[in-house]
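Q: So the protein lines, in turn, are chains A and B.
Residues 16 to 611, numbered by the working numbering, are exactly what the first sequence covers, in order.
Residues 31 to 265, numbered by the working numbering, are exactly what the second sequence covers, in order.
The hints are simulated quantities; they were obtained by calculation from the structure and are not laboratory data.
Treat the hints with caution; some may be incorrect.
Label pairs and their calculated CB-CB ranges [what the hints assert, rightly or not]:
1. B:E108 <-> A:S49: 48 to 58 Å
2. A:G335 <-> B:D219: 53 to 63 Å
3. B:K204 <-> A:S49: 14 to 24 Å
4. B:K42 <-> A:I217: 25 to 35 Å
5. B:R153 <-> A:N22: 47 to 57 Å
6. A:Y576 <-> B:E112: 27 to 37 Å
7. B:E258 <-> A:K296: 45 to 55 Å
8. B:R153 <-> A:K29: 26 to 36 Å
9. B:G87 <-> A:T440: 51 to 61 Å
10. B:R88 <-> A:Y429: 18 to 28 Å
11. B:E108 <-> A:F239: 41 to 51 Å
12. A:V545 <-> B:E159: 20 to 30 Å
In the DSSO-like style, the derived pairs of lysine-lysine whose C-alpha atoms are separated by at most 30 Å in a straight line are [unchecked claim]:
13. B:K115 <-> B:K169
14. B:K115 <-> A:K79
15. A:K552 <-> B:K57
16. A:K228 <-> A:K213
17. B:K36 <-> B:K73
18. B:K36 <-> A:K530
19. A:K80 <-> A:K150
20. B:K161 <-> A:K552
21. B:K161 <-> A:K80
22. B:K57 <-> A:K29
Just so you know, these numbers come straight off a predicted model, no measurement behind them.
Idealized CB from N, CA, C, for every residue including glycine.
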Amino acid sequence: MSSHIQNIIEKYGKDATRLMDILHEAQAKEGFISDEVVKEIASQLNISKVDVEQTLTFYHFFSKKPLGKYTIYLNNSLVSHMMGREEVAHAFEKVTGTKFGSVSEDGQFGLYNTSCIGMNDQEPAAIINGIVFPKMTTYRVKEIIKAFRAGESVTDMINSLGGGHNQSDLVHSMVTNNLNRRGAVIFSEFTPGDTLKKINSISPKELIDEVKKSNLRGRGGAGFPTGLKWDFCTKTPGERYVLCNADEGEPGTFKDRVILTERPEMVFEGMTLAGYAIGAKLGILYLREEYRYLEKQLETVLLGMRGKGLLGRNIAGKEGFDYDIRIQFGAGAYVCGEESALIESCEGKRGEPRNRPPFPVQVGYLDKPTVINNVESLCSVVKILEKGAEWYKSMGTKETSGTKLLSISGDVRYPGVFEVEWGITVQEALEMSGAMNVKAVQVGGPSGRLIGPNEFHRTICYEDLPTGGAFIVIGEGRKILDVVKNFMDFFIDESCGSCAPCRYLTVILRNKLNKIMEGKGVASDLDDLVNWGKQMKVANRCGLGQSAANPILSSIENFRYEYEAKIEKGKDFDTRFDLNKAIQESSRAVGRFPEA
Amino acid sequence: MSEKIKFTIDGKECFAEKGANLIEAAKENGVYIPTLCHLEGVKPAGSCRICNVKINGRPMTACTTTLIEGMNIENNVEDIQELRKIIIETLFVSGNHYCPACEKSGNCELQALGYRFKMLVPRFPFEFEEKEVDAEAPKIYIDRNRCILCKRCVRSLKTEDGKSIFAVQGRGYKAMINIDHELAMNMTDEEATHAMDTCPVGSILKKERGYYDPIGSRKYDKKPIGSEIEQIVTN
Numbered sequence: 016m017s018s019h020i021q022n023i024i025e026k027y028g029k030d031a032t033r034l035m036d037i038l039h040e041a042q043a044k045e046g047f048i049s050d051e052v053v054k055e056i057a058s059q060l061n062i063s064k065v066d067v068e069q070t071l072t073f074y075h076f077f078s079k080k081p082l083g084k085y086t087i088y089l090n091n092s093l094v095s096h097m098m099g100r101e102e103v104a105h106a107f108e109k110v111t112g113t114k115f116g117s118v119s120e121d122g123q124f125g126l127y128n129t130s131c132i133g134m135n136d137q138e139p140a141a142i143i144n145g146i147v148f149p150k151m152t153t154y155r156v157k158e159i160i161k162a163f164r165a166g167e168s169v170t171d172m173i174n175s176l177g178g179g180h181n182q183s184d185l186v187h188s189m190v191t192n193n194l195n196r197r198g199a200v201i202f203s204e205f206t207p208g209d210t211l212k213k214i215n216s217i218s219p220k221e222l223i224d225e226v227k228k229s230n231l232r233g234r235g236g237a238g239f240p241t242g243l244k245w246d247f248c249t250k251t252p253g254e255r256y257v258l259c260n261a262d263e264g265e266p267g268t269f270k271d272r273v274i275l276t277e278r279p280e281m282v283f284e285g286m287t288l289a290g291y292a293i294g295a296k297l298g299i300l301y302l303r304e305e306y307r308y309l310e311k312q313l314e315t316v317l318l319g320m321r322g323k324g325l326l327g328r329n330i331a332g333k334e335g336f337d338y339d340i341r342i343q344f345g346a347g348a349y350v351c352g353e354e355s356a357l358i359e360s361c362e363g364k365r366g367e368p369r370n371r372p373p374f375p376v377q378v379g380y381l382d383k384p385t386v387i388n389n390v391e392s393l394c395s396v397v398k399i400l401e402k403g404a405e406w407y408k409s410m411g412t413k414e415t416s417g418t419k420l421l422s423i424s425g426d427v428r429y430p431g432v433f434e435v436e437w438g439i440t441v442q443e444a445l446e447m448s449g450a451m452n453v454k455a456v457q458v459g460g461p462s463g464r465l466i467g468p469n470e471f472h473r474t475i476c477y478e479d480l481p482t483g484g485a486f487i488v489i490g491e492g493r494k495i496l497d498v499v500k501n502f503m504d505f506f507i508d509e510s511c512g513s514c515a516p517c518r519y520l521t522v523i524l525r526n527k528l529n530k531i532m533e534g535k536g537v538a539s540d541l542d543d544l545v546n547w548g549k550q551m552k553v554a555n556r557c558g559l560g561q562s563a564a565n566p567i568l569s570s571i572e573n574f575r576y577e578y579e580a581k582i583e584k585g586k587d588f589d590t591r592f593d594l595n596k597a598i599q600e601s602s603r604a605v606g607r608f609p610e611a
Numbered sequence: 031m032s033e034k035i036k037f038t039i040d041g042k043e044c045f046a047e048k049g050a051n052l053i054e055a056a057k058e059n060g061v062y063i064p065t066l067c068h069l070e071g072v073k074p075a076g077s078c079r080i081c082n083v084k085i086n087g088r089p090m091t092a093c094t095t096t097l098i099e100g101m102n103i104e105n106n107v108e109d110i111q112e113l114r115k116i117i118i119e120t121l122f123v124s125g126n127h128y129c130p131a132c133e134k135s136g137n138c139e140l141q142a143l144g145y146r147f148k149m150l151v152p153r154f155p156f157e158f159e160e161k162e163v164d165a166e167a168p169k170i171y172i173d174r175n176r177c178i179l180c181k182r183c184v185r186s187l188k189t190e191d192g193k194s195i196f197a198v199q200g201r202g203y204k205a206m207i208n209i210d211h212e213l214a215m216n217m218t219d220e221e222a223t224h225a226m227d228t229c230p231v232g233s234i235l236k237k238e239r240g241y242y243d244p245i246g247s248r249k250y251d252k253k254p255i256g257s258e259i260e261q262i263v264t265n
């Protein structure tokens, strides 16, 4: 065993910044990371055991305990619930004989909840030993568990293949693309390699200027101008890096999944262009563990590009431009989609956002100037170089040019990815996806806004309603408070725990929400939710913490009546206090037993 | 000679060397910015968020702010003070801070801030679970129910060859401080005392000796936290 760990560690040059890879490989061997292995890793890397553990315990998919021969992660996102997660979860528990959060007695099956896995268009979905099982039903649960018991492997249970590259041997997945609308940029005609050759006729500065001229803004949601970011990065001397953020963890978004499935060359070419622009030698694709099933295809594409001279030395014949790309897998942490947390994770640490300033363009990966761009932004760059900034700017609105991939899911007839020009109204997006009896739309995922019909006329663009692309449609029959609770649970699970308000106030807010949902709320509880929730916006360091109360705040703003319907009328005292429960411990001590 | 810069806190004209840390520079100018996680000479964490101030109108943590010329800082303003009080109260309900019986009472910075902010009772319910006490190390023990995760120990207490003795485990509200038992085995008495003094609350405690000064003559028994800074007269 120790020689095995030694091999892994030597493979990564005894480099503690590669701890994520080391832990992934160690876990792949045994299915978990034992105390012995932790000690071995610590001693080989010459760091303390608690340092290994602080990274290990941060990530959802790393475990110090066995997770079962078949490790089943069932998506816990809102849309998974809307599509029938409850009965699927129940079926899993029934047939495996174990509860969620534990392993069956025979060690065969481990059942776990997991935050959105990027399959909102085909829920309820599960990941079993790395393989995605979309559209789960109780029938399917029984079928696969029975087969596993009979000794069949997880890959044996792939009973259909999704469209496009999902059908290729390299992906071989049941996931469907649901690419419902192709637009002019990401999913238009694309010939790999052609655009990259243009670097022979354009200088890095000219490329940056072209991107600036195109008005391209970051597609992750924050909307920072891409060209400007690149420009800033070149201002700081030293080795520079390109990181591509493929950690799309915002519940409800799944567009990067489709890009990485259908346009992997475009992503890598975009990363290479970014590298050319800022003078980097290395690019890292930070890919969420949930998309591990795409690894083989992505590595093969990288190999192919190296073979064609599109990566490596003197790229595309450009003398002196040396650049390569590696893939860094995350391990289940939404917060790593925050750029500075992503850097920390790439360095083998806990994915805790950094304090800013300094910004990553000054002090980033390995403390070197770093550009971090969203998958979709980098793809857009390829098309901007191919067809020109003016062409790109001719699409979209005045301040938001180009197209946007919307990930539409929930109560719609056609969930999937839609590439649209910026400036489409919410109403148009609803009609486009065949939405039915819409009560609300969550724009931008839990960290975004929950809007009602009075805002459906608004346009999706940075000057009106900005979004990273998640668009969850909530139908008439749904309860808004269920939606809010799911989102609050999500933020609690995904808080890194660094800032005190995010660590605790999220829980306090959720508990207060629970109290209202249980019918024990009073009028002042609503004021508390608003007053305390508002503090989150200013009190926390990163976007996760700052937006963690958004579900509560925007739902109270737009659906206050649903809260008020649950509030005890005319009562202004707190009815939650349970005297018997409160005195239980002391009663036990003195031998009195009040009614439970 | 390093360059002097001018800035203001709540309208008061202040001076500092260029590149100074805001909390520390404020202190030299007789202005107290409350904090629980900041430790001079140690990389700022910006994790307790109590030192939130407004810089040119924007909320920022003072401990992570490097001063530049002309910064306009709001410190003692109502919304910021309210935010600080809320954070202090969440820290009180997040664990079990039983001040009267705590070894750190009177020396505890959280307790002292509770007094300074006139907290009578936290506005939040006590509903967080009990956490495990780790008493395996020979010289110190850690009561995680009194920990506020300021990470002072994580950032500042290392072995001679730079290894971490303390680190965070888990995330979110379940995050807690872990001790490396092997490294803690070799802690000297001095190091154990230093660890206890580094902890702003009563979470890291030295075994066998709870406190040195009797109640009534401890650090914050007579004067509130921050008053020593506010007494500095500047020209």
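Q: Hints first: check each against the structure and report whether it holds.
A: Each hint, compared with the structure:
Distance hint check for E108 (chain B) and S49 (chain A): the Cβ-Cβ separation is about 53 Å, which falls inside the suggested range of 48 to 58 Å. Range check, G335 (chain A) to D219 (chain B): about 60 Å between beta-carbon atoms, so the 53 to 63 Å window is met. For K204 (chain B) paired with S49 (chain A), a C-beta distance near 21 Å keeps the hint of 14 to 24 Å intact. The hinted range of 25 to 35 Å is not satisfied by K42 (chain B) and I217 (chain A), whose Cβ atoms lie roughly 53 Å apart.
Hint check: R153 (chain B) to N22 (chain A), Cβ distance near 55 Å, so the stated range 47 to 57 Å holds. Distance hint check for Y576 (chain A) and E112 (chain B): the Cβ-Cβ separation is about 29 Å, which falls inside the suggested range of 27 to 37 Å. Between E258 (chain B) and K296 (chain A), the C-beta spacing of about 52 Å keeps the proposed range 45 to 55 Å intact. Separated by about 51 Å at the C-beta atoms, R153 (chain B) and K29 (chain A) break the suggested range of 26 to 36 Å.
Roughly 33 Å separates the CB atoms of G87 (chain B) and T440 (chain A), a value that falls outside the hinted 51 to 61 Å. For the hinted restraint 18 to 28 Å between R88 (chain B) and Y429 (chain A), the CB-CB distance of approximately 42 Å leaves it violated. In this structure the hint that E108 (chain B) and F239 (chain A) lie 41 to 51 Å apart at CB is violated, the actual value being about 32 Å. Distance hint check: the CB atoms of V545 (chain A) and E159 (chain B) are about 27 Å apart, consistent with the given range 20 to 30 Å.
Distance restraint check for K115 (chain B) and K169 (chain B): the Cα-Cα separation of roughly 34 Å exceeds the 30 Å cut-off, and the hinted pair is therefore not satisfied. With a C-alpha separation of about 38 Å, the suggested pair K115 (chain B) and K79 (chain A) falls outside the 30 Å cut-off, and the hint is violated. About 27 Å separates the Cα atoms of K552 (chain A) and K57 (chain B), which keeps this hinted pair within 30 Å; it holds. Among the hinted pairs, K228 (chain A) with K213 (chain A) is consistent with the structure: their alpha-carbon atoms are about 18 Å apart, no more than 30 Å.
Restraint check: the Cα-Cα separation between K36 (chain B) and K73 (chain B) comes to about 24 Å, which is no more than 30 Å; the hinted pair holds. The suggested pairing of K36 (chain B) with K530 (chain A) is violated, with an alpha-carbon distance near 50 Å, which exceeds 30 Å. Distance hint between K80 (chain A) and K150 (chain A) is fulfilled; the C-alpha atoms sit about 29 Å from each other, no more than 30 Å. Restraint check for K161 (chain B) and K552 (chain A): satisfied, since their Cα atoms lie roughly 28 Å apart, inside the 30 Å limit.
For the proposed pair K161 (chain B) and K80 (chain A), the alpha carbon gap of about 20 Å is at most 30 Å, so the pair holds. Taking the CA atoms of K57 (chain B) and K29 (chain A), the gap is near 43 Å; set against the 30 Å cutoff, the hint is violated.
Figure legend: structure checked against the earlier numbered hints; hints not met, in rising order: 4, 8, 9, 10, 11, 13, 14, 18, 22.
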